[in-house]
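Peer 1: For reference, the chains in residue letters:
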Amino acid sequence: MTEPLVYEISVPGREGVALPKTDVPESELPTGLLRADLPLPELSEGDVVRHFVHLSQRNYAVDTGFYPLGSCTMKYNPKVDEDAARLPGFAFSHPLQDPSFSQGNLALMYELQEWLKEISGMAGVSLQPSAGAHGEFTGVMMMRAYHRSRGDNRRTKILIPDSAHGTNPASTTMAGLQVVELPSDGRGNLDLQALRAICDETVAGLMLTNPNTLGLFDENLEEIARCLHQCGALLYGDGANLNALLGILRPGDCGFDVLHFNLHKTFATPHGGGGPGSGPVGVAKSLIDFLPAPIVEITAPGDQEGPPVYGFATPSKSIGRVKAFHGNFGVLVRAYIYIRMQGARGLREVANHAVLNANYLRTRLRETYHVPYDRLCKHEFVVEGKWEQAPGIRALDISKRLMDFGFHPPTNYFPLIVPEALMIEPTETESKQTLDAFADALLKIAEEARTQPELLTGAPHTAPVSRLDEVRAAKELVLCCRPVSPGADDEAA
Amino acid sequence: MQFPSHLKYTKSDEWVGLEGKVATLGITDYAQSQLSDIVYVEVTAGVGASLTAGDPVASIESVKAASEVYLPVSGTIREINGALPSDPEGLNKDPYGAAWLVKFTPADPKALDQLMDAKAYEAFCAGREH
Amino acid sequence: MPYIPHTDREREAMLEAIGVKTVDELFADVPAQMRFPRLHLPEPLSEIEALNELRELSEANLETLHTTCFLGAGAYNHFIPSAVQHILLRGEFYTAYTPYQPEICQGTLQAIFEYQSLIAQLTGMEVANASHYDGATATAEAVILALNQVRHRKKIVLSPGLHPQYREVVRTYMQGVDVEIGGDEAPANLQELQERSRADSLASRVDEATALVIAPYPTFLGEVEDLAPLAESVHRKGALLAVVANPIALGLLKPPGEMGADVACGEGQPLGIPLSFGGPYLGFFATRQAFVHKMSGRLVGQTQDTEGRRGYVLTLSAREQHIKRARASSNICTNQGLMALAAAVYLSQMGKQGLRRVAELCYHRAHYAAERLSQVAGFSLASRGPFFHEFVLRCPRPVAEINRFLLDEWGILGGYDLGRDFPGLQGHMLVAVTELNTREDIDSLVTALSELPEKGGLK
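Residue numbers (the numbering used here), protein chains in the order written: chain U, 1 to 493; chain C, 1001 to 1130; chain P, 2001 to 2459.
No lab work stands behind these hints: they were computed from the structure.
Virtual Cβ for every residue (Gly too), placed ideally from N, Cα, C.
A hint or two may mislead.
[Claimed, not checked] List time: in silico EDC-like cross-link candidates among lysine to aspartate or glutamate, alpha-carbon distance up to 20 Å: (1) 317(U) <-> 2047(P); (2) 79(U) <-> 2047(P); (3) 1064(C) <-> 152(U); (4) 475(U) <-> 1079(C).
[Claimed, not checked] Rough simulated footprint, nothing fancy, chain P against chain C, three-plus residues with beta-carbon under 8 Å: (5) 1065 to 1076; (6) 1084 to 1094; (7) 1110 to 1124.
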């Protein structure tokens, strides 16, 4: 059943909200500046609620089922985090109110900065960037600023592995630097020879995701760091896969100079259907001065009289502000309470079980699905979604068929270096039963691929809609609907 | 898959045809089949621009992929295909004919001899992993 | 171990299946000397204790539920209908991911399509995207669009009346790009700021090298002006106009699309999103259909499934970083999905009547406040021309002192100290009034300021 659009259930004259009467004398409105018509829908509150509840019922989410998207870390989102973020002292505080009246907020931000430093081994943290990509851009800009501050303007290249997420090269281009792609070797590591060959005084840095998007821990991590530092370049860590490293390894301890965190992955803040996220950046001592402003500092130390006083500060060589105000504070609250309830022990268990779950699932599948780099993985692994015996079947078909079994598919077609890739990340909050059910489904689908391929190519059969025509969407480009005016020609444009 | 024998080809899937002093550039049948349904094409080179071999001249987007088109040899742009922006699908339907991208005068016509002929390009495509 | 379901037995069975004895063995490839660091973090708390701690922290803040607020400057204290919060708490929405598998994400996709439609209608533009992080980054993306759309032009003209933090963000974003940004040189005083923010002044800064002019609507000072003549002027020189708009103001005032804007963007926080100490917010972005391929950010398009049923998908994905990679014009990946949902619910519930009402309430109360405050001895209204819901008050004492007095003695959160951003504007307060400020609130503010002591007498 299709759910109509809000414009289609609109009835002229309906009102959704009772607002107060104007209790002041009315002033003259600025004629010449007034809008003639406001084409918004007219619905009652009941209409609105029913409509959006219906929409929610056509959505799959972590709260409804297993969501094994590789490199997304779709772990369970604790409900207490939502309650914490909604406390009035957080939700209704204005970003520009005097810091002396926002000490609770500043204390929270300061502690979170400190905890992220401790977890990652970095010397400084800014909580301002709003998403992973935002953090990456910030990180690349800081690397650029670092080299330029030392009079080194020749360093225009950023090295990026071919398995990297698209935001890595895109962030580099935005920062005005040049992308140089490096291959992976036969074991899924960064090709060390290629790295050694290119490291020179024109390289600003390397962006490395570790574990990488194959779920593999680079076996040459220390050598990579050494090689880069020796030629004066910096090592950037894409922290998307930090879930595998909590309490296992601190990037700051193995030579990373810059790192971004994804609070909406590793630290359990919800994905929201595509945001909001939060992408704080961490830096080594040499780059602290370049962090985006503002960061939170202690301006007066605590003593027997009272707690420390917190305030905002601008690092001396800051690259500047990357968004208005301080960061996605509501998301920071959720990450704070998550870490507060995990502690060091809990975070270590997160990594332990994330990696345990991934390896268990890999073990259950590896006989039936080809795992191209079949060694112990970390929190995720990649399989190929194709078989010689099932020539018409691709990763896409397997994914759509999984929906009929009640599962969200894994990430498709990424990383680019594996054909028909299915990237699977179970996360630590999934039980053995769920993993077994998922593995069983995939094994059944593999069988169907050989015996009844049309079940896959025609999937999904039980979802609210069947496969959607993406070519039509791009060619006929309908990006919004227009309200139906009585007597007018135009309709859903 | 078509590989017209009178054209020259590049490893980045462009074709060049020379008539007198004027060369025409487009993308190959192999390229359009890899891109699949093309929805947007933008010629970024301007008429009169003098470009070097390897400079980008156009940007193509399909439903699932994106591709840049490069000038294989140095030359000056003479004409760009005005019909293309409103008909990006033309690149899928007639890549060697009506959906040419730019016409240019090569700085050195002999440089075109370095490009692959139809047979070499066909063999190159056959060897590619996909 | 909160949220981890495994029992000892299950762990053993899994380890056996994998073929290792202990979990530690799974990390054999991690360099031994750096492996398993001891993290010095506070001892974990139970849910009860953790929530108590957060509650204490939250109570160490001022908040607008219990404090009358006249502070705006880019983040506004507006009414959020309860229904908005309830929809946002539905796990099917907030624990979902980006809708890359459209068949089982029609909820998110349709909600975003509706959001795009509502924003397009509100701004009077042809298309809108699924959102940017906030108004400031949306403005930076407008610059990126212009530089890609109007090639070979490198000048950007920023109105000095654009939010100071937005201008900072534009500059941060453009650090690595060969571009010339100007127009917002520091004004000596208020009059100069107001004059140089006017449409005719901005128009005089445009030449054949200009790619984009960015004009706020209202300005940071709250003033509004018809930007249609500016659009004409800008277009005649072959450049583009981006209007950074307040979405509540658009409930009353002529939208950017009607005035000839090429891009309409801004901060969507007033549309059902709490203040939340500055984030998460919502950057809305709308433009002409002709520029859609140069617009960054996610886009939801309408289509059909194999049975001919209407459905929605992410579309024109080839513009984005996961396909274009190094050739992408912007790196944006995540949007602000849940905040866009909030705005969609808010605009649907407020609707044609409600949003207009809210805008009128803001307008009339702000003008009432301005009128009454200008009559308090020592204070005067410094705004020029029409304003929406914010105005400039010239004060007899430093704004910081006045605000301290208002808070300590009256429990009122006063307006923004413009001297913080403009050295020439010491003693000028930017006062914001919304539908949440009652007549009583305003009258209290007036009374409070009229009881402001002469120099001294303040803590």
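Peer 1: Against each hint, give a clear statement of whether it holds in the structure.
Peer 2: Verification of the supplied hints:
For the hint linking residue 317(U) to residue 2047(P), the alpha-carbon distance of about 41 Å lies beyond 20 Å, and the restraint is violated. With a CA separation close to 10 Å, the supplied pair residue 79(U) and residue 2047(P) stays within the 20 Å bound. About 39 Å separates the Cα atoms of residue 1064(C) and residue 152(U), which puts this hinted pair outside 20 Å; it is violated. A C-alpha spacing of about 27 Å is found between residue 475(U) and residue 1079(C), which places the hinted pair above 20 Å, so the restraint is violated.
Residues of the stretch 1065 to 1076 of chain C with a Cβ under 8 Å from some Cβ of chain P number 3, which satisfies the need for three, so the listed coverage holds. Here's how the stretch 1084 to 1094 of chain C fares: 0 of its residues keep a CB closer than 8 Å to some CB of chain P, so the rule of at least three is not met and the hint is violated. Closer than 8 Å: that is the beta-carbon criterion, and the stretch 1110 to 1124 of chain C has 0 residues meeting it against chain P, so the requirement of 3 is violated.
Going through the hint list in order, the structure does not satisfy hints 1, 3, 4, 6, 7.
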